[in-house]
Amino acid sequence: MASPYRGTSDPAARRPLLELHGVSKRFGAVQALEDVEFSVFPGEVVALVGDNGAGKSTLIKIISGIYRADRGTIRWQGKQVAIATPNDSTGLGIATVYQDLALCDNLDVVANLFLGRELATPGGPLGVMDEVAMERRAVEVLRRLSVKIPSVRIPIAALSGGQRQSVAVARSVLGDNKVVILDEPTAALGMAQTHEVLELIKRLRAQGLGVVLISHNLANVYEVADRITVLRLGRYVGTYDARATSREQLIAFMTGAASNSGEVPTVSEGAIGHRETPA
Amino acid sequence: MSSTLDQDPRVIAELGGVRGVLAEYRQRLRSGDVGQLPVMVSLVVIATIFQVTSDGRFLGPFNLVNLTLQMAAGGTISIGLVLVLLLGEIDLSAGVASGVCAAIMAVYSVNVGLPGPVAVAIALAAGAGIGALQGAWSTLFGIPSFIVTLAGFSAWGGGVLLVLGRTGTVNVRDAFITELAGTFLTGPAAYGCAALFAVYVAIGPLVTHRRRRAAGLTVPSLAFAAVRAVAISVCAVVAVVALAADRGISLSLVFLLAAVIVMDFVLRRARFGRMIYAIGGNAEAARRAGIPVQRVRIAVFALCSMFAAWGGVLGASRLLAVNQSAGQGQVLLNAIAAAVIGGVSLFGGRGSMWAALLGTMVIQSISNGMDLLSLSSGIKFMVTGGVLLVTVTIDSVVRRSRAAAAR
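The listed protein sequences correspond, in order, to chains D and H.
For the record, in the first sequence the residue sitting at position 196 is 196 according to the numbering used here, with numbers rising by one throughout.
For the record, in the second sequence the residue sitting at position 298 is 298 according to the numbering used here, with numbers rising by one throughout.
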């Protein structure tokens with residue numbers, strides 16, 4: 001599927017949805033992040049990689065409003081914003097899917113998709129849910145993402161790990177979100193299920209969303225990412241074009257075996273954000 | 001486009017008749033929802049055993065009316081416990097809370113001389129206050145509800161003694177209060193109730209069916225809903241005929257049924273009910289989804305104690321008095337046992353409000369039947385314990401098999 005956002009001259013597509021400049025965060029004596037640059041464009045997948053303790057989680061938590069950056073600026077669609085609480089983040093249109101998925105096993109797929117924002121029956125008694133409308137929208141969004149589940153009315157407990165991940169991702173798309181952050185979405189999955197989730201990520205990109213993928217699995221990263229941002233020990237190493245950087249180079253950046261001394265072009269934010277890529 | 005999405009498992013009922021209904025039930029079993037079948041089966045078994053051993057007295061009209069009177073108070077307390085158990089919490093103080101609220105009502109009615117409705121309203125408010133206090137304490141200080149309500153169990157038990165004062169017993173004479181359990185519906189009123197109930201059971205699936213079809217969603221076969229509605233209607237009519245042959249339908253039973261129906265609707269259809277299930281299933285997920293977990297918890301504890309208070313009022317209405325043993329002894333354990341026997345999981349998030357009614361029916365049938373056979377209380381308690389253990393074991397085993405089958 002070719003994204004309508006790729007290779008267009010649409011100015012909206014050339015402008016990053018989310019930009020972070022010079023973001024730093026310190027916990028006591030530990031400098032968790034220092035001068036980190038990060039950006040996501042509409043219709044692209046940016047992978048965030050780094051060894052354990054590189055600061056990936058801290059960065060994500062700053063974006064999703066759980067931590068507040070000590071220094072640095074955050075821009076949303078060009079405008080400077082402050083993200084002080086999780087509500088600020090979701091209010092902008094940023095959805096974060098954590099590793100534990102935060103689904104209720106006992107509730108069905110529709111209930112989970114609309115958890116906390118159930119639709120009310122128009123004109124009905126106060127607080128009565130409109131199950132029909134919710135199911136319609138749920139089916140719609142799952143179809144759009146080609147998520148394969150036996151039914152929207154079976155409890156999450158009856159789904160496979162990949163299906164659960166898909167439901168969690170679908171939930172993040174259901175709201176009018178523009179950026180979806182996926183924290184290790186394939187960590188606990190088998191091969192077939194991993195494939196399923198990676199395909200889902202490609203479809204999110206095709207729909208014009210900006211996807212931030214955090215993963216330890218470089219094979220997965222290379223399969224879907226357009227750009228790769230590398231962090232090491234809280235420092236920003238660089239952002240690289242996934243197609244122009246070999247895996248060996250990437251590992252060298254992650255482990256510090258090589259500094260970026262010019263042999264690999266560091267791409268500035270957005271330089272390839274709208275590049276044509278085979279999906 | 002996914003082809004699998006076009007199918008809804010409920011549609012398998014369209015496979016036709018009995019086979020479809022069975023297939024649907026199997027599907028639900030596999031997802032860990034045993035539904036009301038086990039409790040229905042045990043009710044039939046219990047009724048059969050006692051009917052035979054008591055020479056036909058158990059299912060006689062006189063005894064059935066007694067059974068409904070015995071059910072009202074405990075069943076009402078059980079409603080609150082179902083709510084709390086769905087959250088994955090427990091309220092050990094529900095029994096004594098019912099006692100202390102009944103005592104408050106009795107004292108305001110008799111000693112202070114307030115009119116019946118006012119005294120009852122004060123008792124309900126006291127119940128809500130007790131529950132809100134315990135819920136808030138447990139939530140805000142992060143103390144397990146088991147401990148907070150255990151403290152409440154002791155404290156409110158003392159409250160009963162203090163409120164009733166030196167005499168220890170207050171006889172309730174206010175007509176409004178005594179008529180709550182002392183009024184019986186017969187004739188057209190009784191059959192009207194049965195008809196209303198049947199219409200309620202039938203109309204829900206019909207409305208859903210029409211709305212789903214209008215929205216272009218898959219529609220489950222109406223066969224299952226029809227079979228269910230007819231079966232329930234027949235049961236209702238048979239029950240009313242039997243009860244009307246004696247004194248009739250006790251008003252307190254009507255209150256119990258009404259409360260179960262209303263709370264069942266809230267649990268299934270209202271956002272508040274969805275929040276309760278969500279918190280019981282995964283409190284952290286509920287919190288992250290923006291559900292006000294603490295406020296819902298406090299509200300549910302308040303509701304639980306309020307239903308306990310109402311149960312205490314109904315019990316006092318039936319006994320025409322409140323004494324020092326109000327809400328003590330088996331009251332709490334029976335209410336918890338009823339909820340669990342009715343299929344409410346102790347681990348939270350699973351179960352239906354009908355558990356309060358059906359589970360209470362099982363518990364009270366055992367108690368009532370053993371009284372008919374003049375068996376000692378010792379045997380009664382042991383059998384009740386056995387039934388409880390078996391049902392909790394079923395819950396646990398189903399849970400484990402579900403966990404195993406989840407992937």
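There may be inaccurate statements among the hints.
[Stated by the list, open to error] Stretches of chain H that chain D covers, calculated by requiring three or more beta carbons in the stretch to come under 8 angstroms of a beta carbon on chain D:
1) 38 to 51
2) 231 to 237
3) 266 to 276
[As the list claims (entries may be wrong)] Some chain D residues judged to face chain H by a derived CB distance under 7 angstroms, without partners named:
4) Ile60
5) Val81
6) Ala102
7) Asp105
8) Asp108
9) Leu115
10) Gly116
11) Leu119
12) Pro122
13) Val128
If you're looking for bench data, these hints aren't it; they were derived computationally from the structure.
We put the CB at the ideal spot given by N, CA and C, even for glycine.
Hints, verified against the model:
no. : hint       : in the structure
1   : 38 to 51   : violated (count 0)
2   : 231 to 237 : violated (count 0)
3   : 266 to 276 : holds (count 5)
4   : Ile60      : violated (14 angstroms)
5   : Val81      : violated (20 angstroms)
6   : Ala102     : holds (4 angstroms)
7   : Asp105     : holds (6 angstroms)
8   : Asp108     : violated (9 angstroms)
9   : Leu115     : holds (4 angstroms)
10  : Gly116     : holds (3 angstroms)
11  : Leu119     : violated (10 angstroms)
12  : Pro122     : violated (12 angstroms)
13  : Val128     : holds (5 angstroms)
Hints 1, 2, 4, 5, 8, 11, 12 from the list above are not met by this structure, while the remaining hints are.
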